[in-house]
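Visitor: Each chain, written out:
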Amino acid sequence: GIQVEQSPPDLILQEGANSTLRCNFSDSVNNLQWFHQNPWGQLINLFYIPSGTKQNGRLSATTVATERYSLLYISSSQTTDSGVYFCAVDTGRRALTFGSGTRLQVQP
Amino acid sequence: KAGVTQTPRYLIKTRGQQVTLSCSPISGHRSVSWYQQTPGQGLQFLFEYFSETQRNKGNFPGRFSGRQFSNSRSEMNVSTLELGDSALYLCASRSGGTGELFFGEGSRLTVL
Numbered sequence: 487g488i489q490v491e492q493s494p495p496d497l498i499l500q501e502g503a504n505s506t507l508r509c510n511f512s513d514s515v516n517n518l519q520w521f522h523q524n525p526w527g528q529l530i531n532l533f534y535i536p537s538g539t540k541q542n543g544r545l546s547a548t549t550v551a552t553e554r555y556s557l558l559y560i561s562s563s564q565t566t567d568s569g570v571y572f573c574a575v576d577t578g579r580r581a582l583t584f585g586s587g588t589r590l591q592v593q594p
Numbered sequence: 017k018a019g020v021t022q023t024p025r026y027l028i029k030t031r032g033q034q035v036t037l038s039c040s041p042i043s044g045h046r047s048v049s050w051y052q053q054t055p056g057q058g059l060q061f062l063f064e065y066f067s068e069t070q071r072n073k074g075n076f077p078g079r080f081s082g083r084q085f086s087n088s089r090s091e092m093n094v095s096t097l098e099l100g101d102s103a104l105y106l107c108a109s110r111s112g113g114t115g116e117l118f119f120g121e122g123s124r125l126t127v128l
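Protein chains in written order, with this note's numbering: chain A, 487 to 594; chain B, 17 to 128.
Looking at chain B on its own, in the form it has when it is part of the complex (with noise of 0.2 Å):
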């Protein structure tokens, strides 16, 4: 069974700029969500997918969005990147049968 794939894995970009990622799932599994991890902060959650619906968010500001295929499919933005946006992204998806998550390999920004 394949993983979580996440594209792309490695991106540079400037500021004022927008960014746009893409998580597949593992197959069968509904539920996406999407963390940031910065060496300031550790890792936060940003958001969470079920069904094309966004059912949890976390504290990030409006800048930050998301969305969920019918497919399952997730893509996040970013828009109007800043500095602080350099991080490593990470999307999980969730075994509908445990809860438990499993995450890609990431998407490495980094803001100039």
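So here's chain A without its partners, still in its complex pose (with noise of 0.2 Å):
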């Protein structure tokens, strides 16, 4: 099966910082999806995104398909942007493959 992989698995910065998360995908894909889980487990929709560049406030998102990269940028983080972002990927058998998650801690 498709492989995602995540990067950075951590990262800690401090408020104001801007961030890129990564996530690397084995096959082609129709569907890609970044997640932020809250702290009580929901997954909570921050883009649908299966190529190209979309934007919402502080948080963008780009995916190259014909390159299987996506990015998601977090600018001027806040500590509510704490959390664990996930990237999942759908490959037509509409069913996400998640990767391991990217763990962000940002500090006041």
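Think of the hints as simulated: they come from the structure by calculation, not from any bench.
There may be inaccurate statements among the hints.
Short, incomplete list of chain B residues facing chain A, as computed with Cβ under 10 Å [as the list claims (entries may be wrong)]: (1) A18; (2) S49; (3) F66; (4) T114; (5) L117; (6) F119; (7) E121.
For every residue, glycine included, the Cβ atom is placed at its ideal position computed from N, Cα and C.
From these two lone chains plus the hints, build me the complex, please.
Guide: Following this line, the structure appears as structure tokens:
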């Protein structure tokens, strides 16, 4: 099956800093989503981005499908951005394959 | 529009028992899928239902089963619980237009 690798696994930032999270995948996909998992476990949708670039406030994402990677940018980070960020892909089986996540800690 | 609703949120069972978890998708969404999250294995796909039919199944033993009703609500059942079944079980509904998945808050199962 498809492999999804996220980097870095852990990231510690000071409030106000910018960061880039990366997701590499091993096969063609027809769906790619970024999620933020809150402390209670819920997966919050950030982006649905099988290709191209999207922006939502301080967050933006880019997927280069031909090169099989996606990037999530967080600018001017806040303590509320802390948590685990997951990339997940679907190759058409209607089943998401998740990466292992990036655990982000934003310190005040 | 209400989100994906899962019940119960927390439950504790003992080994050998069985458990049933419920999921109500976003109104209008007909596809429901289930995922298991554990510290060791991460997030893994269990199964997906559409119009009361299981369309896809992950690599889990037969103790894990599910069903979908005509109103698109879904249930999953785990029989003969093992300690390793302790996990967060997440349900997702899929937008028919874009294919984007939206997740519920999860049901956290502890097996003692």
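Visitor: Take the hints in turn and mark each one as holding or not.
Guide: Checked hints:
1. A18: Since the shortest Cβ distance to chain A is 14 Å, the answer is violated.
2. S49: holds (7 Å)
3. F66: holds (8 Å)
4. T114: Holds, because the Cβ-Cβ distance from T114(B) to chain A comes to roughly 6 Å (cut-off 10 Å).
5. L117: Given a least distance of 6 Å, the restraint on L117(B) holds.
6. F119: holds (4 Å)
7. E121: Hint on E121(B): holds, closest Cβ of chain A at ~5 Å, below 10 Å.
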